[in-house]
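What follows is the residue order along each chain.
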Amino acid sequence: MSQTNRLSSGGLIDRRKPLSFQYNGKQYQGYEGDTLASALLANGVDIIGRSFKYSRPRGIVAAGAEEPNAVMQIGASEATQIPNVRATQQALYEGLVSSATNGWPNVDFDVMSYVGKIGGKMMPPGFYYKTFMWPQTMWPTYEKYIRKAAGLGRSSTMKDPDQYDTLNHHCDVMIVGAGPTGLAAARAAAATGARVIIADEQEMFGGSLLSSRELINGKPAIDWVRTVVDELSANPDVVMLPRSTVNGYHDHNFVTIHERRADHIGDRAPVGMTRQRMHRVRAHWVVLATGAQERPLVFAHNDVPGVMLASAVTTYIERFGVVPGNELVLMTSNDDAYLTALSWASTGRKVVAVVDSRAKADGDLVKQVIDKGIRVIFGSAVYDVDGGTRVKAARISGLTADGKKLTGKSETLSCDTIASSGGWSPVVHLSCHTGSRPVWDDNIIGFVPGETQQKQLIAGGIRGHYDLLDCLTEGMNCGYVAAERSGYGPVGKRPEYKVARIRRSPAMPLFLVPHLKPISQAPKQFVDLQNDVTSAGIELATREGFESIEHVKRYTAMGFGTDQGKLGNINGMAITAQVLGKSIAETGTTVFRPNYTPITFGAIAGRNCGELFDAKRYSAMQPWHEENGALFEDVGQWKRPWYFPKSGETMQQSLNREVLAVRNSVGILDASTLGKIDIQGKDAREFLARVYTNAWAKLGVGKCRYGLMCKEDGMVFDDGVTSCLAENHFLMTTTTGGAARVLEWLELYHQTEWPELEVYMTSVTDHWATMTISGPNSRKLLAQLTDDIDLDKDTFKFMDWRPGTVAGVPARVFRISFTGELSYEINVSANHGLQVWKKLMEVGKQYDITPYGTETMHVLRAEKGFIIVGQDTDSTLTPYDLGMGWAVAPTKPFSFIGKRGMAREDAVKPNRKQLVGLMAKKPDVVIPEGSQAVANPNQPIPMTMLGHITSSYYSATLGRSIAMGLIRGGLDRMGETVYYPQADGSVIEAEICSPVFYDPKGDRQNV
Amino acid sequence: MSEVLEPKKASAAGTVASAEPVYALMDQRPADMSNAESPLSRFRWQVSSSGKNVGVVARELALLGHFILRGNVANADFVKGAAEVLGVELPGTLKSNAKGNLVVRWLAPDEWLITVPGEQAFAIESNLRKRLTGHYSLVNVSGGQTLLVLSGADAVNVLRKSCHYDVHDRNFPVGKVVGTTFAKAQCVIRRAGQQEWELVIRRSFADYLAAWIQDAAQEYGFAVK
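These protein sequences, in sequence, are chains A and B.
Heads up, the first sequence is in full-length UniProt numbering, so the first residue is 1 and it goes up one at a time.
Heads up, the second sequence is in full-length UniProt numbering, so the first residue is 1 and it goes up one at a time.
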């Protein structure tokens, strides 16, 4: 098909650059500068989808973001699929592949049309709530088919080959919209030296001027646009963002902008270029110059393809050189739409008539139309449309002065296009995002932004001011004001704008054109085309008692989805007001939420995907772990070696080997991830005594001590060993996951509760590489690597630390143990961690030194009954509940955090859950962690639960399974039997015992 | 003058008989540095193919001495003592002072980061310990972090992709120091020159941040020195 509707000249397209594209499997041709919508119209494509609920054929209505019907699936391959793209916002490129998202299996014949034809009765408003709510279990099934049938687009099932990213900005003046108002504002603000960002959703700057025939300073408006764009481009402090939709306006003037950088270039972004970019702008002042969108009039069958917005028709003619039909009937309640008649007539095609709802009008544009000999029918309206897949005729009738009733005789005007205009609705969406509610203004017959807490200025169309000179002047003034309030200017000489004013006669407030029949019996009069909401639906909603506009919205789905009520909402509110007998101001409006138009997930995710999804933290020994086949476990953001399987081993076999190596010879663990906090100051010791539950007054230099930390409620929240490095100097260790939390906790208490204590804390987690050698041969191994640390068991005792040199590197060595074996924890500057580790492995070969990971560590510590905070505890356990009352010193002179909490009545009551050991009666059965204990497994469900298993392993040392868990009153129930019912119906029987399964006296760590 | 615990060969900590040791002090840098590994020494950089314009250049300043100094600016002798030893004043809010290879960055109202050439680290630490008075703390964090310098015309754009802070000339002049979020980690950024930005990166986050930075820099052309 050739471009039957394309004019031979005019518009901002480049006829020397034809572009071929595909729509619903057919090839078409357009030109550079086209949108997909203008190219489809040029080719005479009438139907671009089926409607959501009734599956009626639909055509292109608008030329911008407000387009409700032409919602497309774009993408030449599976990987590059993008759903829900408005054809009016998609620039045409060579090879573009598109299809209608609505209409399954295709737009010309589809299943839903049968449902839709019976339609009105089968799917009244509230249909989804009434029909699909029950039974709830069926909803996923309903949803699957509704989504498919309704055509909400689909995302790719493959990885997106393109990249998306984010850029942060700060500016003095953020200008939204680059029409005449926005450009004048940007020019003014930039002239002061302020930092300016101006963004516009269209392919090029200019807004309404791109399809205007007006003159600015005696020259075509487009020339002025080009001059200003050149001027701004030359200013390094101005950022210009075309193809960039300001989609969110958030508190504190934080603005999110979605830039389509490569969507106009091709199916895939060029190499080295991100496809889309999110701009995150923090602005001192925001100028909203978002303009206005034309409001269609609501009349029967106003959804037949060929019914369009008047201004959209003008845009297609003036900017794209496309006349979307042959014979036009124009229906209007204001002067502006007369421009459309002038444009249409200038192409040589026929304007059948202008039907004006007003009794008379004598504005400049009206006169021009009448002077051209075009038939103008005042005091009348189009109330119905003939035609199915394309307009065939408009039915018109006289209208009463208040617009409520038809009068006189009907007339049928044969035509293929009906352009309608009910006036303009300021684009207040963004102003609503920050919580401001729009207010109705009778003078401009529209909602304008209400009061705001933001540093926000509004100018031009968004205020209902549409005269070009007003727009330029207001924009300029706002630009200066915003800049001056940001600390720039004032400037001496301001530019002057000379524009001939167009005299306009007053517009008439008209929203719904009455039919011969009452609303409920009239043919469908569509209010929201995307969601298939009709005036009858709104009337029904109010009749069923949904009178608040918010309820009407939810009941009818008006303004839902990707549309966000751009075209239909104001009409819907006006109709609601009319049927309720209220004014529009009384009825009010719903508010609009971000995002203004849909954003791809890619743009939201940016570079935070794949390998960069989250920070991965590594210790200095990571290269060795990787080279030696470690499997890794996530602990917070850390990657910790989990275990080191040898080829052919199962996980359990690896664990058994690693456990026995530690018990019988020597193992080595990378413990670098433990949180480490350097504490200095003369009150450091006192500070420790207040944050730990035990005593610190007498810990000597060179000594280490284990401590529990509680929150105010007396519940354990972290534990670790703290060492006295010197009289006023301590090194605290925390759990790996708790490191940041504990440091913040200490700073909080120091800064807010005890600022008088002279103590400073500094994180040294990353500074020290920590390796633990554990096992009976660890002393012999260490002795071979140090000549300046006396390792004699009577001078360097368990819970001592010594400075010295290990493998030629200065080190601090701590004799502490989490395995119950003789252990040394060697700390060196992390710059030397890998070299010392390698040396230990090399020299340790003679002892068959075995690296082990976190899982083996867990088994080893469980054999000894050592807790892991966060696994065996869950913020509901006091030290006493853990059987660790020995770590509490209630007689300390100053109180400590948690002292009062753990003495509360509830915290000391009998029968609290307490940590105990559990041995399955069958030694080869490992009770699953999380299993719930019951006293009698035969009791009816729900059973009374006594506690759960917190840690459970197979212990190679003991040759049987072991577990730790909580049991009500467990510490007093040693030897009793409890039962763990499993999901498969089996029951595991276990005996309550001490959690210390191995070497209860601790001889092995003290050797 | 505060007293320090000097490491004495084969002596157990805390058993130094002379004066009461108050702070532990240890030269943590071995004489043989040949096996030392900085946080980014093994990172596998992916640079742009040759011939392409280079907008961003990364360079690690490896194996420096890093110290966190905390103290009270109301203590005039502490402030004076620090200046005497360092040769520069402790900088005020969001500022840095540099003398040769020694740079002092303000981190918080009572906290500074001092970086010095590695071989001078222990001498400066010892001298500070000898000279400083009152309540303060000095912590060697040399193993825990590194400096990565981004330079080139587009280095600023890499920062804008990575952190929310305003890096425009008017808000971030040469010499300014800011601690901020960077991608999903944190770093301290110092503007060392008109087109030179010096990032303090924590060791455990170094791989992630390097990967992030080279990814962000690819479109501008990326090289490593």
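Where hints are given, some of them may not hold.
[As the list claims (entries may be wrong)] In silico lysine-lysine, DSBU-like type, Cα no more than 30 Å apart, as pairs: (1) Lys130(B) - Lys838(A); (2) Lys455(A) - Lys176(B); (3) Lys703(A) - Lys130(B); (4) Lys184(B) - Lys616(A); (5) Lys404(A) - Lys360(A); (6) Lys159(A) - Lys95(B); (7) Lys616(A) - Lys176(B).
Simulated from the structure, these hints should not be mistaken for laboratory data.
Each hint tested on the structure:
{"no.": "1", "hint": "Lys130(B) - Lys838(A)", "verdict": "violated, 36 Å"}
{"no.": "2", "hint": "Lys455(A) - Lys176(B)", "verdict": "holds, 28 Å"}
{"no.": "3", "hint": "Lys703(A) - Lys130(B)", "verdict": "holds, 25 Å"}
{"no.": "4", "hint": "Lys184(B) - Lys616(A)", "verdict": "holds, 10 Å"}
{"no.": "5", "hint": "Lys404(A) - Lys360(A)", "verdict": "holds, 17 Å"}
{"no.": "6", "hint": "Lys159(A) - Lys95(B)", "verdict": "violated, 45 Å"}
{"no.": "7", "hint": "Lys616(A) - Lys176(B)", "verdict": "holds, 29 Å"}
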